[in-house]
Structures are given as C-alpha cells and as structure tokens.
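Engineer: Chain by chain, the residues:
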Amino acid sequence: MTSSMPHYNRIAVFGGIYSNHLALAAAIEDARSRGVDGIMCLGDLGAFGPNPDKVFPLLRANDVSVVKGNYDDSVAKALDDCQCGYTDPRDNHFARLSYQYTLSRTALENRTWMGDLPEALRFRLGDLEALACHGSPRRMNEFLWESSTPTHFLDKLATDVEADVVLGTHTGLHWWRQWGDAKSFVNVGVLGRPANDGRTNVWYALIEAEGRRLAVDFIPVHYDHEALANEMRDEELPEQFVETILTGWWTTCLEILPGKERAVGRF
Amino acid sequence: MSQIAHVGAPPEVPLRALDQLWFQVSGTVCNLRCRHCFISCSPVNHSFWFLTRDEVATALEDSIRLGVKEYYFTGGEPFMNRDMIDILEDTLAIGPATVLTNATLLPERTVSALAELAAGSPYTLELRVSVDGVNAQMNDSIRGEGTFDRALGAIGRLAAAGFLPIITAMQSWKDHETDPILDDFRALLRTVGYERARLKILPPLRIGAEAERSRGYNATERVTSEMMLEYPADLLLCSSARLVTNAGVWVCPILLDYPSGRLGDTLDEAVAAPARLSEQACHTCWVNGAICSNMPGFGAEWS
Numbered sequence: 215m216t217s218s219m220p221h222y223n224r225i226a227v228f229g230g231i232y233s234n235h236l237a238l239a240a241a242i243e244d245a246r247s248r249g250v251d252g253i254m255c256l257g258d259l260g261a262f263g264p265n266p267d268k269v270f271p272l273l274r275a276n277d278v279s280v281v282k283g284n285y286d287d288s289v290a291k292a293l294d295d296c297q298c299g300y301t302d303p304r305d306n307h308f309a310r311l312s313y314q315y316t317l318s319r320t321a322l323e324n325r326t327w328m329g330d331l332p333e334a335l336r337f338r339l340g341d342l343e344a345l346a347c348h349g350s351p352r353r354m355n356e357f358l359w360e361s362s363t364p365t366h367f368l369d370k371l372a373t374d375v376e377a378d379v380v381l382g383t384h385t386g387l388h389w390w391r392q393w394g395d396a397k398s399f400v401n402v403g404v405l406g407r408p409a410n411d412g413r414t415n416v417w418y419a420l421i422e423a424e425g426r427r428l429a430v431d432f433i434p435v436h437y438d439h440e441a442l443a444n445e446m447r448d449e450e451l452p453e454q455f456v457e458t459i460l461t462g463w464w465t466t467c468l469e470i471l472p473g474k475e476r477a478v479g480r481f
Numbered sequence: 014m015s016q017i018a019h020v021g022a023p024p025e026v027p028l029r030a031l032d033q034l035w036f037q038v039s040g041t042v043c044n045l046r047c048r049h050c051f052i053s054c055s056p057v058n059h060s061f062w063f064l065t066r067d068e069v070a071t072a073l074e075d076s077i078r079l080g081v082k083e084y085y086f087t088g089g090e091p092f093m094n095r096d097m098i099d100i101l102e103d104t105l106a107i108g109p110a111t112v113l114t115n116a117t118l119l120p121e122r123t124v125s126a127l128a129e130l131a132a133g134s135p136y137t138l139e140l141r142v143s144v145d146g147v148n149a150q151m152n153d154s155i156r157g158e159g160t161f162d163r164a165l166g167a168i169g170r171l172a173a174a175g176f177l178p179i180i181t182a183m184q185s186w187k188d189h190e191t192d193p194i195l196d197d198f199r200a201l202l203r204t205v206g207y208e209r210a211r212l213k214i215l216p217p218l219r220i221g222a223e224a225e226r227s228r229g230y231n232a233t234e235r236v237t238s239e240m241m242l243e244y245p246a247d248l249l250l251c252s253s254a255r256l257v258t259n260a261g262v263w264v265c266p267i268l269l270d271y272p273s274g275r276l277g278d279t280l281d282e283a284v285a286a287p288a289r290l291s292e293q294a295c296h297t298c299w300v301n302g303a304i305c306s307n308m309p310g311f312g313a314e315w316s
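Protein chains in written order, with the working numbering: chain A, 215 to 481; chain B, 14 to 316.
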C-alpha cells in the first residue's frame with residue numbers, strides 16, 4: 215500500500231494563498247533555501263487578495279503539490295458562495311465581495327485546473343504515513359482551531375483515515391499537536407493574510423521527519439506587504455482587507471473564531 | 014448527500030459522528046420562568062434533575078472513545094448545579110465547553126472561577142448568555158422582572174474578565190427589524206464594557222411555554238420524507254449530537270418533553286439509534302439548521 219506513495223523527509227507546507235502572490239513567491243524562495251524535498255499547498259488559492267491568476271504560474275513552475283480547498287471548489291464550479299458558512303451579515307457582505315471578485319477574475323483555464331485538484335494527498339514523511347487535506351480529512355470546510363479541537367477528536371480523524379500525521383489549513387491560524395505513538399496534527403497556517411497577531415508577516419510550516427520522529431517549525435514569511443496593499447487598492451478591494459494586510463489584525467470573517475482565539479485579536 | 018432512511022413518515026436521520034455532546038446539567042430546574050421556554054423550565058419543574066459530577070465524568074470518559082469534538086451544558090439554568098465549576102474543570106481538561114446561561118447567577122466570585130478555568134485550559138470556554146431584548150421592557154416581558162439588569166451586569170463582569178460571551182436572543186420581532194435591533198444590541202453591550210459583541214439570533218420554538226406566548230405550530234409545519242430527499246441532513250443537530258440527562262440520553266436539547274426524543278439508557282445506545290423527525294419542532298431546525306450550535310451546520314458533503 216505504501217510503496218507507491220511519494221516519500222519526503224523535509225517539506226514546506228502552506229495553505230490559504232488568498233491571491234497573495236507576493237507572499238507565495240517569498241515562501242517558495244525561503245523553502246528552497248532550506249533544502250526541502252517537497253512543497254505542498256493545502257488549497258484556497260484565491261480570495262481576499264488581488265489578481266488571482268498570478269498565483270497559478272508560481273505553483274506550476276515550482277512543482278507545488280496542491281490540494282483543493284473550499285474556495286477552489288466554489289470557483290471551479292462557479293457556486294453561489296465560498297462555502298465558508300458565515301451567518302453574520304457583515305461577514306457575509308465581505309465574503310460575497312471577495313468571492314465575486316475572485317470568481318470573475320480567475321481564468322477559465324485556472325478554474326478548470328482547480329476543479330481537477332485532489333481533495334487529499336497521501337505520502338510518507340520519514341517512516342510516518344501522512345495525509346494532507348484542506349479543512350479536515352472528512353470535510354473540506356471543517357474548521358480545526360487549536361482551542362476547540364480535542365486531542366481525542368484528532369485521534370479519531372487520524373485513525374479513520376489510517377494516518378499518523380494529518381495536515382490541514384482552512385482556519386488561517388497555525389498550530390500543531392502531537393499525541394500517542396507519534397500521531398500529529400499540523401494546521402500549517404496561511405500565506406494569504408497575517409495570523410491576527412498584529413504582525414504583518416505570514417506563516418508556513420516546515421516539517422521534518424526522521425524515522426517516526428516529527429519536527430514542525432512555523433516559519434515567518436516577510437514579504438512586500440505594502441506592495442500587496444497598493445495592488446489591492448488598485449483593484450478596488452475593500453479597505454478593510456487592506457487594513458488587515460497592513461496591520462496584521464483581522465477585520466472581517468471574525469464570527470468563526472472561538473472565543474479564545476478571538477480574544478487575543480483586536481476586533 | 015447523507016443517507017436518509019425512509020421508513021414511511023417520519024423521516025429518520027442517522028448519527029454521522031458524535032461531534033457534540035450536550036448535558037442537561039440542571040435538568041429542567043431554573044431560577045426563572047421565561048415565557049418562551051420551549052421546555053417550560055422553572056423552579057418547580059423537576060421533570061429532569063441535576064446531573065452529578067460523576068454522571069458527567071462517566072459520559073466524558075465515553076466521549077473520548079467516541080471522538081466528541083465539543084461539549085455543551087444547558088438546563089434549566091446550569092449555574093443552579095452546585096457542581097458546575099467542577100464539571101467545567103473536568104470538561105476543559107479534555108475539550109472545549111459551552112454553557113448556555115441566563116447570567117443571573119454569575120456573581121464576581123463565579124466569574125473569577127470561570128476566568129481561572131478558562132486561563133488554565135488549552136480549550137475555549139464559551140458562555141452563551143440569553144438576553145431577549147434591547148431594553149428591560151422588551152426582555153423582562155419574556156424573561157421576568159429584573160432579569161435584564163442582572164444579565165447585563167454579569168455580561169459586564171464577563172467582559173471585564175476577558176470573556177467574549179455569545180449573546181443569544183430569540184427573535185420576537187419581524188425580519189426587517191433584525192438589522193437595527195442587532196445595532197441596538199451592540200450599542201447596549203458597549204454600555205457595560207462589551208465592545209466586540211458576538212450575537213446569535215434564534216428562531217422561536219413553538220412548543221412548551223412559547224406555544225402559549227405566541228402560537229403553536231401549524232398543521233403543515235412538519236418534516237416529511239419528501240422534504241428530506243434533497244436536504245443536507247448534516248445541517249441538523251441530530252446528525253451529530255446527543256443529549257445526556259439524568260433519565261437517559263435524548264436526541265437533542267429541544268425534544269426533551271417528547272418520549273420520541275429519548276434514544277436510550279446509555280450513550281452507546283443513543284449513538285446507535287437514528288433520530289426520528291417526528292415532532293413539529295423538527296420543522297424549525299429543518300428551516301434554520303443546527304440552531305443550538307455555536308456555529309451552524311454546513312451542509313457540505315463529508316468525504
């Protein structure tokens with residue numbers, strides 16, 4: 215079962231590019247400089263940022279393995295919304311603006327490409343079996359926050375898909391947890407917007423395995439965020455989005471945050 | 014799309030995964046007599062009794078094996094249970110907890126104890142506070158005299174202690190009035206120092222006391238098998254939750270007064286049994302989704 219799987223020892227994994235092509239380029243360059251033997255993106259290529267088509271050439275040219283996110287699924291199928299499940303009217307307003315912009319600016323060729331992306335990747339990390347997905351192994355748009363995800367729940371998810379290591383994204387906040395006999399979950403974070411911590415950098419996960427021992431480092435990615443902000447303004451994207459890029463604080467889509475995560479943000 | 018069993022009417026919904034474990038932690042005992050309470054809780058409604066710390070602990074142990082994701086505590090008024098702080102301590106050791114409270118029994122010492130628990134756990138502790146109007150007249154006509162001021166005072170104490178309580182209101186107004194009322198809620202909450210209000214509006218459940226206050230369900234407000242054919246069943250709480258009481262395990266917190274809602278003596282029995290959408294209150298969830306959860310259901314396919 216495992217012989218045909220790709221095998222890595224040191225990988226860079228990121229999620230949620232949200233059209234931030236400048237952070238993507240910086241992250242790829244950083245990962246290459248660290249001698250990774252694989253680069254993965256866990257989906258949500260568009261949203262939030264400007265000019266979504268700029269992301270695709272970077273992914274293809276750098277041989278990035280990509281998993282489909284809910285945003286990619288929506289844009290590929292031209293669904294009515296991004297499947298984030300907001301109920302707050304303000305969050306829905308901004309989600310709709312972002313989605314309509316991204317859908318209208320993504321070339322058909324790229325939409326088709328996203329539609330063909332796999333929903334999960336299986337591979338070996340050292341001697342560990344790994345599964346990479348967007349939200350959770352069972353649902354593309356499931357939020358796995360650090361403060362609302364029990365370890366026994368993660369264990370069930372990992373056991374159900376027969377994986378030692380599960381990688382996901384979707385929430386926008388990076389974290390990881392280990393338990394039992396070398397079981398791990400890593401939320402690899404996103405490149406698209408800062409981690410609601412008042413810092414303008416974004417994050418990816420550098421994951422290294424030696425035998426069954428896993429090490430995870432979250433790498434801050436500093437990029438020309440002011441150039442991105444200018445490009446967003448040129449595209450007449452909401453100033454609230456630009457503010458997040460320039461300040462590091464989330465201004466929209468806050469209702470999905472558990473209290474513990476939301477309390478450490480500004481809004 | 015989920016598998017829906019069609020055994021005539023009513024339709025059945027199997028449990029997909031036990032994501033939410035609910036506890037009827039104070040039974041039907043409440044210090045208030047709210048006129049919209051769908052299970053008519055009051056100081057003298059002893060239909061269901063308090064859960065002990067040991068009873069909750071046993072269910073928590075089972076929940077680890079079953080892979081539960083979230084824990085919810087409701088009543089009645091949960092803080093009438095004298096073991097509530099200890100129960101939350103046990104829960105927060107293994108996962109996130111949400112308490113649905115009227116906030117009239119949250120003096121400073123209780124808020125401090127809750128803040129200490131929250132700070133000591135990696136998991137989130139959510140307080141869902143019921144306030145049913147933006148002024149005393151609107152709220153107290155439903156929840157009882159003086160409850161508006163008492164709840165607001167507690168919200169202020171919770172905010173000062175670092176909590177971001179989820180303020181929950183049953184919609185007792187017309188749809189077009191919602192936006193201005195939400196704005197009024199935000200302004201109101203700022204007056205007690207709660208700047209980043211989280212608001213949750215619930216539809217009325219036309220059973221229990223609420224059926225007397227407004228109206229009961231119409232004959233057509235019932236879920237049929239045909240209505241479930243193209244319906245994403247994971248929008249419904251009963252596809253992912255069960256409720257532990259002192260008298261067995263129920264399908265959800267809403268159907269407590271209905272024998273059809275009881276799914277077994279034990280959690281394992283209730284997990285194996287499908288939900289039956291036989292009651293008219295099920296129609297409200299069919300229309301609105303998993304209204305009891307902090308976050309609504311998503312309706313997406315599970316791979």
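In short, the hints are calculated from the structure, not lab data.
Everything numeric in this text was worked out from a predicted model, so none of it was measured.
It is possible that some hints are incorrect.
Claimed, not checked - Quick list of the computed label-pair ranges, beta carbon to beta carbon:
id	chain 1	residue 1	chain 2	residue 2	range
1	A	D330	B	D153	29 to 35 Å
2	B	N259	A	D277	30 to 36 Å
3	B	T237	A	R447	49 to 55 Å
4	B	D281	A	N306	37 to 43 Å
5	B	D153	A	R480	30 to 36 Å
6	B	T237	A	A275	38 to 44 Å
7	B	P245	A	N306	44 to 50 Å
8	A	H436	B	Q184	44 to 50 Å
9	B	P56	A	T373	31 to 37 Å
10	A	P332	B	D281	43 to 49 Å
11	A	N306	B	E190	15 to 21 Å
12	A	R480	B	Q184	26 to 32 Å
Unchecked claim - Some chain A residues close to chain B (C-beta under 7 Å, calculated; not the full set):
id	residue
13	S361
14	S362
15	H366
16	K370
17	R413
18	A429
19	F432
20	P434
21	A441
22	R476
23	A477
What the hints assert, rightly or not - Anything over 10 Å on all C-beta distances counts as not near chain A; from chain B, calculated:
id	residue
24	D67
25	L79
26	D99
27	G108
28	P109
29	A131
30	T137
31	D153
32	D162
33	G206
34	R209
35	N231
Idealized CB from N, CA, C, for every residue including glycine.
Engineer: Each of the hints needs a verdict: does it hold here or not?
Structural biologist: Hint by hint, here is what the structure shows:
| no. | hint | result |
| --- | --- | --- |
| 1 | A/D330 / B/D153: 29 to 35 Å | 59 Å, violated |
| 2 | B/N259 / A/D277: 30 to 36 Å | 59 Å, violated |
| 3 | B/T237 / A/R447: 49 to 55 Å | 52 Å, holds |
| 4 | B/D281 / A/N306: 37 to 43 Å | 39 Å, holds |
| 5 | B/D153 / A/R480: 30 to 36 Å | 34 Å, holds |
| 6 | B/T237 / A/A275: 38 to 44 Å | 55 Å, violated |
| 7 | B/P245 / A/N306: 44 to 50 Å | 19 Å, violated |
| 8 | A/H436 / B/Q184: 44 to 50 Å | 47 Å, holds |
| 9 | B/P56 / A/T373: 31 to 37 Å | 46 Å, violated |
| 10 | A/P332 / B/D281: 43 to 49 Å | 36 Å, violated |
| 11 | A/N306 / B/E190: 15 to 21 Å | 19 Å, holds |
| 12 | A/R480 / B/Q184: 26 to 32 Å | 30 Å, holds |
| 13 | S361 | 4 Å, holds |
| 14 | S362 | 4 Å, holds |
| 15 | H366 | 4 Å, holds |
| 16 | K370 | 3 Å, holds |
| 17 | R413 | 20 Å, violated |
| 18 | A429 | 21 Å, violated |
| 19 | F432 | 17 Å, violated |
| 20 | P434 | 23 Å, violated |
| 21 | A441 | 31 Å, violated |
| 22 | R476 | 6 Å, holds |
| 23 | A477 | 6 Å, holds |
| 24 | D67 | 20 Å, holds |
| 25 | L79 | 8 Å, violated |
| 26 | D99 | 19 Å, holds |
| 27 | G108 | 4 Å, violated |
| 28 | P109 | 4 Å, violated |
| 29 | A131 | 7 Å, violated |
| 30 | T137 | 4 Å, violated |
| 31 | D153 | 27 Å, holds |
| 32 | D162 | 24 Å, holds |
| 33 | G206 | 14 Å, holds |
| 34 | R209 | 6 Å, violated |
| 35 | N231 | 26 Å, holds |
Comparing the model with each earlier hint shows violations of hints 1, 2, 6, 7, 9, 10, 17, 18, 19, 20, 21, 25, 27, 28, 29, 30, 34; every other hint is respected.
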